[in-house]
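2 protein chains.
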Amino acid sequence: MLKLLVEQCPRMNSVLLFYVSYLLCLCLGFLCVVFVSYWNSAWRGGFAWDGTALQFNWHPVLMVTGLVVLYGNAAVVYRIPLTWGQNKLRWKLVHASMLFLALLLTVLGLCAVFSFHNANGTPNLYSLHSWLGICTAALFAAQWALGLAAFLLPCSPMAFRRLVKPLHVWMGGFIFTLSIAACISGINEKLFFVLKGSTNGTQPYSMLPPEAVFANSLGVLIIAFGLVVLKILSNQTWQRPEAVHEELSKPLLGEDS
Amino acid sequence: MLKLLVEQCPRMNSVLLFYVSYLLCLCLGFLCVVFVSYWNSAWRGGFAWDGTALQFNWHPVLMVTGLVVLYGNAAVVYRIPLTWGQNKLRWKLVHASMLFLALLLTVLGLCAVFSFHNANGTPNLYSLHSWLGICTAALFAAQWALGLAAFLLPCSPMAFRRLVKPLHVWMGGFIFTLSIAACISGINEKLFFVLKGSTNGTQPYSMLPPEAVFANSLGVLIIAFGLVVLKILSNQTWQRPEAVHEELSKPLLGEDS
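Line by line, the protein sequences are chains S and U.
Be aware that the first sequence starts at 1, since it is given in UniProt numbering, and climbs by one per residue.
Be aware that the second sequence starts at 1, since it is given in UniProt numbering, and climbs by one per residue.
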């Protein structure tokens with residue numbers, strides 16, 4: 001009995017550490033959504049879909065919620081030990097659905113900014129932030145489509161899935177990192193745009209008014225969320241065990257399922 | 001003979017692929033340095049250390065060269081297969097020296113911007129870019145000091161090194177990722193500062209003048225460099241083999257060396 005306990009101890013510690021990290025991931029993700037929503041609601045005047053700055057406000061909220069928080073949470077669902085004994089197809093569908101929702105919010109977030117720019121005669125896609133953001137969104141869409149083709153379509157051959165899987169996993173982390181860099185540059189750019197001092201009757205960004213401290217803190221929260229998600233993804237002992245994994249990783253509705 | 005060739009083939013392919021990636025890493029790093037230097041030399045008026053904007057110009061050059069290019073190259077030196085048969089202490093010193101030089105350039109780059117701000121009465125550390133940048137530099141300094149204490153000091157116990165190594169490797173990649181995010185937000189911010197249109201007689205950033213295309217391309221090059229470095233670091237087959245590695249990973253001037 002004692003021997004069994006001693007043997008199980010490192011594994012129990014690892015599982016406990018996972019759940020602490022996962023709880024942190026959920027809390028930080030929730031805080032990111034609260035902060036980005038409150039920033040745009042309390043300081044930027046709220047939301048509308050009328051071509052004004054209120055329409056632009058949907059852009060940061062939808063990008064942070066979709067491309068960072070939902071995306072990050074979708075990336076770590078396979079790591080939850082409670083799911084390892086369950087049918088993998090169910091968790092494949094959870095993973096794909098969360099990412100589909102993330103993609104939908106991303107597209108809506110892009111529509112918000114393009115439509116706002118077009119309504120105000122502002123050119124699109126000139127800043128480095130926008131170049132990075134549009135490439136990240138395009139890579140995400142391609143990654144989702146390739147993931148669907150490789151891991152959910154019944155006609156997908158095993159050899160193709162084996163070839164795609166390491167690329168899919170690695171690109172997933174890379175797209176997530178790019179999305180964080182895009183968010184940081186976007187928040188920074190927005191604060192310089194709106195906190196201009198005497199030009200538009202605000203306290204300048206350089207004086208660190210409460211809005212600047214709050215939005216900078218949103219940036220710090222996004223970085224902290226990214227740190228926790230990437231740490232969970234990089235921990236080998238938190239990967240879904242191979243045996244269970246291999247058995248259940250058949251394409252959805254494939255000939256074996 | 002044929003059997004040996006067939007057995008060696010995947011390994012030779014892996015080594016060849018490494019050198020292609022490494023060559024790409026060197027070329028992209030070189031291009032990053034050329035682009036950031038040319039941008040600040042041709043469009044931003046060149047360099048000085050006199051409290052003017054010419055002093056600020058050292059900031060992007062030193063940060064990109066130190067915190068991105070030198071840092072990234074230092075991170076991958078252990079992966080070069082040619083070094084695996086050689087004494088690891090030599091490569092530890094190369095790794096630590098390159099990172100020391102990177103840290104020196106980073107500190108100089110920070111001095112350039114702090115001194116420029118102070119000379120012009122501009123507050124320091126208010127933007128999200130500056131918060132991220134200063135945290136990245138502080139983490140880098142802490143990482144270097146901990147690396148020195150754990151892997152180069154003769155009194156460092158083996159148990160301490162074993163404990164620190166995974167953290168050192170993981171934090172190395174994380175700091176590199178943060179430094180890229182800081183560079184992207186910095187380039188974006190700088191272009192909004194200087195390409196103001198009629199206010200300062202330039203073509204506005206939104207019209208994508210040649211300087212904007214060039215500096216945005218620098219951002220793309222930095223992302224591409226980051227992609228290659230992180231891909232090299234994440235490939236398990238390119239890690240220095242454990243046996244050789246363990247034998248030679250004694251602290252510098254330790255009782256066994």
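Mixed in with the good hints, there may be bad ones.
Copies of the same chain look alike in the list, so a pair counts if it fits in one copy or across any two.
[Stated by the list, open to error] Computed list of lysine to any residue pairs in SDA-like fashion (alpha-carbon distance at most 25 Å, straight line):
id	residue 1	residue 2
1	Lys231	Ala42
2	Lys165	Cys9
3	Lys165	Ser206
4	Lys231	Phe174
5	Lys165	Met12
If you are wondering where the hints come from, they were derived from the structure by calculation, not from laboratory data.
Going down the list of hints, with the structure as the test:
1. Lys231 with Ala42: Classified as neither: same-chain Cα gap 33 Å, cross-chain 41 Å, threshold 25 Å.
2. Lys165 with Cys9: between (32 Å within a copy, 23 Å between copies)
3. Lys165 with Ser206: For Lys165 and Ser206, neither the intra-copy (46 Å) nor the inter-copy (40 Å) Cα distance is at most 25 Å.
4. Lys231 with Phe174: Intra 13 Å, inter 9 Å, cutoff 25 Å: intra and inter.
5. Lys165 with Met12: between (28 Å within a copy, 23 Å between copies)
This entry does not satisfy hints 1 and 3, going by the numbered hints stated previously.
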